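S.K.: Make the full structure from the sequences, and use the hints.
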Amino acid sequence: FLMERKTHVKINRKEIILAKLRRSCSCTPQKLKNFLMDFFPVLQWLPKYRCKEYIWGDVMSGLVIGIILVPQAIAYSLLAGLKPIYSLYTSFFANIIYFLMGTSRHVSVGIFSLISLMVGQVVDRELLLAGFDLNDDAPPASGDGSLQNDNLSNITAFNLTIAGINAECGKECYAIGIATALTFMAGVYQVLMGIFRLGFVSMYLSESVLDGFATGASLTILTAQVKYLIGIKIPRSQGHGMLVITWINIFRNISQANLCDVITSAICIVVLVTAKELGDRYKHKLKFPLPTELVVIVVATLVSHYGKLNEVYASSVSGAIPTGFIPPKVPEFNLMLRVALDALPLAIVSFVFTVSLSEMFAKKYAYTIRANQEMFAVGFCNIIPSFFHSFATSAALAKTLVKTSTGCQTQISGVISAMVVLLVLLFLAPLFYSLQKCVLACIIIVSLRGALRKFRDVPARYRVNKVDTLVWVVTMSASALVSTEIGLLVGIVFSMLCIIVRTQRPRTALLGQIQDTSFYEDDSEYENLSTVPKVKIFRFEAPLYYANRNYFLKSLYRLTNLDPNLEAARRKKYEKKEKQHLKKGNHRMANGLGIGETTLQLVPKQIDFQALVIDCSSISFLDTTGVNTLKEILKDYKNLNISVLLACCNPSVIDSLKRGGYFGKDFGCMQEMLFYSIHNAVLFAKDQK
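Residue numbers (full-length UniProt numbering): 1 to 689.
Just so you know, not all the hints are guaranteed correct.
[Unchecked claim] No more than 25 Å apart at the CA atoms, straight line, and that leaves these computed lysine to aspartate or glutamate pairs for DMTMM-like:
| id | residue 1 | residue 2 |
| --- | --- | --- |
| 1 | K554 | D636 |
| 2 | K364 | D608 |
| 3 | K364 | E207 |
| 4 | K283 | D457 |
| 5 | K635 | D666 |
| 6 | K658 | E53 |
| 7 | K20 | E53 |
| 8 | K10 | E541 |
| 9 | K638 | D655 |
| 10 | K686 | E521 |
| 11 | K534 | E672 |
| 12 | K554 | D522 |
| 13 | K572 | D666 |
| 14 | K631 | E53 |
| 15 | K686 | E527 |
| 16 | K363 | D38 |
| 17 | K573 | D636 |
| 18 | K534 | D608 |
| 19 | K686 | D523 |
| 20 | K534 | D522 |
| 21 | K20 | E4 |
| 22 | K10 | D666 |
| 23 | K554 | E541 |
| 24 | K554 | E578 |
| 25 | K534 | D523 |
| 26 | K48 | D38 |
| 27 | K554 | D666 |
| 28 | K14 | D655 |
| 29 | K665 | D623 |
| 30 | K364 | E485 |
| 31 | K454 | E359 |
| 32 | K466 | E525 |
| 33 | K665 | E4 |
| 34 | K658 | D636 |
[What the hints assert, rightly or not] Restraint-style ranges between C-beta atoms, simulated for each label pair:
| id | residue 1 | residue 2 | range |
| --- | --- | --- | --- |
| 35 | G279 | L32 | 44 to 50 Å |
| 36 | R453 | E527 | 39 to 45 Å |
| 37 | N641 | Q504 | 44 to 50 Å |
| 38 | A568 | H240 | 25 to 31 Å |
| 39 | D133 | E311 | 43 to 49 Å |
| 40 | F621 | K10 | 20 to 26 Å |
Derived by calculation from the structure, the hints in this document are not laboratory data. If you're wondering where the values come from, they're calculated on a predicted model, not measured in any experiment. All C-beta atoms in this analysis are idealised placements derived from N, C-alpha and C, irrespective of residue type, glycine included.
M.R.: Here you go:
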């Protein structure tokens, strides 16, 4: 029987688009109000804020995150190749802007190690091209801590003039100029993606790609910090293969290691790791995480200052960190052109991490977020701060977990964190002058524990899905051994290739009947299935399209043990020989040895089935090649008096077959060629003479 299809009303897309444009272009007070409420979600939830219920948790989580942010901001400045003050600016502005525009109640937006690394790689490359020395281990200049003080030996007037920057601008000024231009462009890309609703781009970054990318980048981050751990002075490697080159330079200069830095690093790592492990073990008993990083920084700064570790042991220190804010400045347009391509992967990674974390915590705490608004929020968290000497930001998993564990209820906690950072910016920043860089490197390395622990999950990941594990390994290796941007691109392309290959060579099977039922399953996978006499049932578990057409035919011919084209050719040759023999009337020669052997080879093959049922339940769509392939099969098997029956086709496949003329012009034979279950097709085949 044939089920009657519903008649769908044709949609006039032109009228719908014009109606949407009219609604979008119209401006009324109510529409303006709705736009502002949507663009600034804080206007929706802040008037409904339950002060007595939420305030304590928000204040506690805000204070804890603020305390964690300060040492992390100073530490991550090493990754970005910038001064610590710029990391503090970034943390301050990102929290304020996300408070106004974000839709997630829990994510912590600010500096993120992976984003800082990507910014740092672009900054280092441009500094090198401008003729600056990348060695940042020179003794810090003493003075009033003003940002205008710069190393005069690091002024390259020629290159700066080409870039459109004042010739008096030195290395530090040029570095933050590159970072702000990169950040501005990343924000513009994110806003444009939000306007054109291109959030679907994040779908192409699978979990395996993101995990592999984060792990590979973590290895790069760890490698970049080793020189600070042991206090050696080596050039900052650039370009592809940075990880390998850096390790070669480390081993070549290992004899120059600073004993003071090595001892300090060992003590700090032991303290930090021990505190983290104890915190993880007893987190259910602790009301808030231990501020270990802050304690380590305070103690290390005091020891370095009073022990004069920089003067006596030549230990590298952070140097002067000024207080207050620098006047805002528009990012340089000429520099934007230089880094426009680099900003694209930065924008995508920043958005993907933010949205994935927002969705994860929204699902956990039973509320919804708007992915498109998140795109705008992250975009403006980059655009606006870029005018205030800040660099790119993203949501960070570790800090978000801390926020939720300390009672965070809304983004009020982000404002509290920003106030803590502001306190440091206005009053406390100069106190970190004597802080050793090796201590900051220890904080960065210990923060990578989560990403590096992914190596322990490889065996379990392999048991679950071998292809996803291969994607993880390839992405991780490319990100670590080549570069982070290339690694991300390789991961996306490789994961897509894996999907294409899996559809090019999908599972195929002949089905047998489950005894005493109307159900059929793979004969090679299950025991005690009975074969259906004179009927072959073939299943193809993928869409049928141009890339897998040949595999479909080869699998069908192999499993049914019959190639209709070869069989048809064999029959034609046999018939031709028979006609020749009859025409000559030479029956004696036909019974001779040589001709007899030839005749035996051309005898038609005994075919053990009269109907072929194709299970189309796993074929999600057909392209033109797929339709033509089925038409070709229908014709070839019909020449051998074998009927081809299709079962379990979805409406999309049926429509493609109709448009392709598979059922004839008037669809008269459709009910004899198409069935809604395999069992109906088998019963029909049995009833055929």
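S.K.: A separate judgement is required for each hint: does it hold in the structure or not?
M.R.: Now for the hints, and whether the structure bears them out:
no.: 1; hint: K554 to D636; verdict: holds (14 Å)
no.: 2; hint: K364 to D608; verdict: violated (58 Å)
no.: 3; hint: K364 to E207; verdict: holds (18 Å)
no.: 4; hint: K283 to D457; verdict: holds (23 Å)
no.: 5; hint: K635 to D666; verdict: holds (18 Å)
no.: 6; hint: K658 to E53; verdict: violated (62 Å)
no.: 7; hint: K20 to E53; verdict: violated (42 Å)
no.: 8; hint: K10 to E541; verdict: violated (32 Å)
no.: 9; hint: K638 to D655; verdict: holds (23 Å)
no.: 10; hint: K686 to E521; verdict: holds (19 Å)
no.: 11; hint: K534 to E672; verdict: holds (17 Å)
no.: 12; hint: K554 to D522; verdict: holds (18 Å)
no.: 13; hint: K572 to D666; verdict: violated (32 Å)
no.: 14; hint: K631 to E53; verdict: violated (68 Å)
no.: 15; hint: K686 to E527; verdict: holds (24 Å)
no.: 16; hint: K363 to D38; verdict: holds (21 Å)
no.: 17; hint: K573 to D636; verdict: holds (17 Å)
no.: 18; hint: K534 to D608; verdict: holds (6 Å)
no.: 19; hint: K686 to D523; verdict: holds (20 Å)
no.: 20; hint: K534 to D522; verdict: holds (18 Å)
no.: 21; hint: K20 to E4; verdict: violated (34 Å)
no.: 22; hint: K10 to D666; verdict: holds (23 Å)
no.: 23; hint: K554 to E541; verdict: holds (14 Å)
no.: 24; hint: K554 to E578; verdict: violated (31 Å)
no.: 25; hint: K534 to D523; verdict: holds (16 Å)
no.: 26; hint: K48 to D38; verdict: holds (16 Å)
no.: 27; hint: K554 to D666; verdict: violated (31 Å)
no.: 28; hint: K14 to D655; verdict: holds (24 Å)
no.: 29; hint: K665 to D623; verdict: holds (19 Å)
no.: 30; hint: K364 to E485; verdict: violated (31 Å)
no.: 31; hint: K454 to E359; verdict: holds (22 Å)
no.: 32; hint: K466 to E525; verdict: holds (20 Å)
no.: 33; hint: K665 to E4; verdict: holds (19 Å)
no.: 34; hint: K658 to D636; verdict: holds (19 Å)
no.: 35; hint: G279 to L32: 44 to 50 Å; verdict: holds (48 Å)
no.: 36; hint: R453 to E527: 39 to 45 Å; verdict: holds (42 Å)
no.: 37; hint: N641 to Q504: 44 to 50 Å; verdict: violated (32 Å)
no.: 38; hint: A568 to H240: 25 to 31 Å; verdict: violated (56 Å)
no.: 39; hint: D133 to E311: 43 to 49 Å; verdict: violated (23 Å)
no.: 40; hint: F621 to K10: 20 to 26 Å; verdict: holds (21 Å)
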